[in-house]
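Asker: Sequence:
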Amino acid sequence: MSAKQYNSTHMLKFLLPSIVGIIIFITPINVDGEITIPIAWLAETLDSFLSPILGELIVTITAISVIGTILYRYLYPEWMRRSLFESLFSVTPVWLVIRIIGFIFAVAILFEWGPEWFWGEATGGEILGLASFLLTIFLFAGIFLPLLMNFGLLEFTGVLLHIIMRPLFTMPGRSSIDSLASWLGDAAIGVLLTSQQYEQGHYTKREAAVLGTTFNIVSITFTIVVLGYLDLTHMFLPYYITIIIAGFVAAIIMPRIPPLSRKSEEYYPGAEPKTRNENSDQPAITRAWKGALTRAGDASTQEAGRNGIRNVMEMWLAVIPIVMTLGTIMIIIAEHTPVFQWLGLPFIPILELMQVPEAQAASEAMLIGFADMLLPAIIASDIQSEMTRFIIGCLSISQLIYMSEVGGMILGSKIPITFWQLVMIFLLRTIITLPIIVLCAHIIF
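Note that this note's numbering has the sequence shown beginning at 1, numbered continuously upward.
For the record, the hints were derived by calculation from the structure and aren't laboratory data. Be a bit skeptical, because a hint or two may be false.
Said to hold, decoys possible - No farther apart than 25 Å at their CA atoms in a straight line, the calculated lysine-lysine pairs in the PhoX-like style are these:
hint, residue 1, residue 2
1, Lys414, Lys274
2, Lys263, Lys414
3, Lys205, Lys263
4, Lys263, Lys274
5, Lys414, Lys205
6, Lys205, Lys274
Said to hold, decoys possible - FRET-style restraints, in silico, Cβ to Cβ:
hint, residue 1, residue 2, range
7, Tyr240, Ser48, 20 to 30 Å
8, Pro435, Val339, 17 to 27 Å
9, Arg306, Leu439, 46 to 56 Å
10, Ile104, Leu16, 41 to 51 Å
Note that the Cβ used here is the ideal one computed from N, Cα and C, for glycine as well.
Sequences are here, hints too, so could you generate the full structure?
Answerer: Shown next, in the form of structure tokens:
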């Protein structure tokens, strides 16, 4: 499409959906004194409305995931021979087992079968509640994601922000939208957006892996929740500045070291690599505008609707069973075994060397965030030193990977990351960010 073919229709097809998408996914709003974004507010509202039956819905979704996978894998009836069913139910035996376990866990937790340490509010009950919220966030995020992806916004921002994202973080400019969506909304949104773009050929394996594990920070709202547990709400500004500094340094380093640096630059199998239009003699704003209008001109509202429904189904049937399985197992280990206390022992001399008060108590919270991001704050809430609580709160956010949500989502998506690579990335982020956070804490306190 040449420049002469651009008209007001193309402009409207670019501007209207993109503006609506920005409002839904990125624009902060104040609801009852709390800062959130419309997509998160919609999910929370629906979550409250459906709360009496959300547990049953989770059981139903995990059951469909298991039954559909068994039918597709072992019977393969004629009506399932479509690309949609392949994307939903074509999984390896290992993932089938995980889906079956997720279904069993969902049923047992809902009906409180077995010992209370399994289905209690602090373990299985918390994961079932998280899965219920994911059900609603996936519904709205999946439906509305095409507003960001299909009508030119990513093409526009990709060109303009390439000059920042590529040299600093080795990422294409369009990835900035992924980061903003998770930062202002929820990390689940960022993972979903990254996975979808990877499958469509916008990101290489390395870029998708970096974005999924390095840029999907939890929302501002959640950081405030962590501060509440730590009784540090009065320190939000220095707290969030510290997180930004630590996260910025980690985002520069992580893409340049293994395992992320060793990911290939190949694209998703079967996807057609998309032209990025990042380098040209034309001004960036001109290339950005033309790229956006070209994408908008090729966009189809019907296709966007189909993609939205497909997004929802894929995330429901692929991710929720994994979150139920891995999230429940990890949080039980964290709550009812000393495993993470043992793993934290090597941090005691390190924390003492850094002159962190109550180093032994702090060490117990160093790695437990891998199970769930709220657990470090819960454990650290009894620590007397305000400085130590501050360090643990900042670290728990900066580590990013936690299996009760983001980790399970990444493993359930098409993003090319394994469980053990997630473990390594979590440890590396801890090693990189801890000295920065401690240094900031010494300056602040």
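Asker: With reference to the structure, classify each hint as holding or not holding.
Answerer: Verification of the supplied hints:
1. Lys414 to Lys274: 18 Å, holds
2. Lys263 to Lys414: Status holds; Cα separation ~14 Å.
3. Lys205 to Lys263: 6 Å, holds
4. Lys263 to Lys274: 19 Å, holds
5. Lys414 to Lys205: Between Lys414 and Lys205 the Cα gap is close to 10 Å, so the pair holds against 25 Å.
6. Lys205 to Lys274: 14 Å, holds
7. Tyr240 to Ser48: 20 to 30 Å: 27 Å, holds
8. Pro435 to Val339: 17 to 27 Å: 25 Å, holds
9. Arg306 to Leu439: 46 to 56 Å: 50 Å, holds
10. Ile104 to Leu16: 41 to 51 Å: 46 Å, holds
The structure fails none of the hints (numbered hints given earlier).
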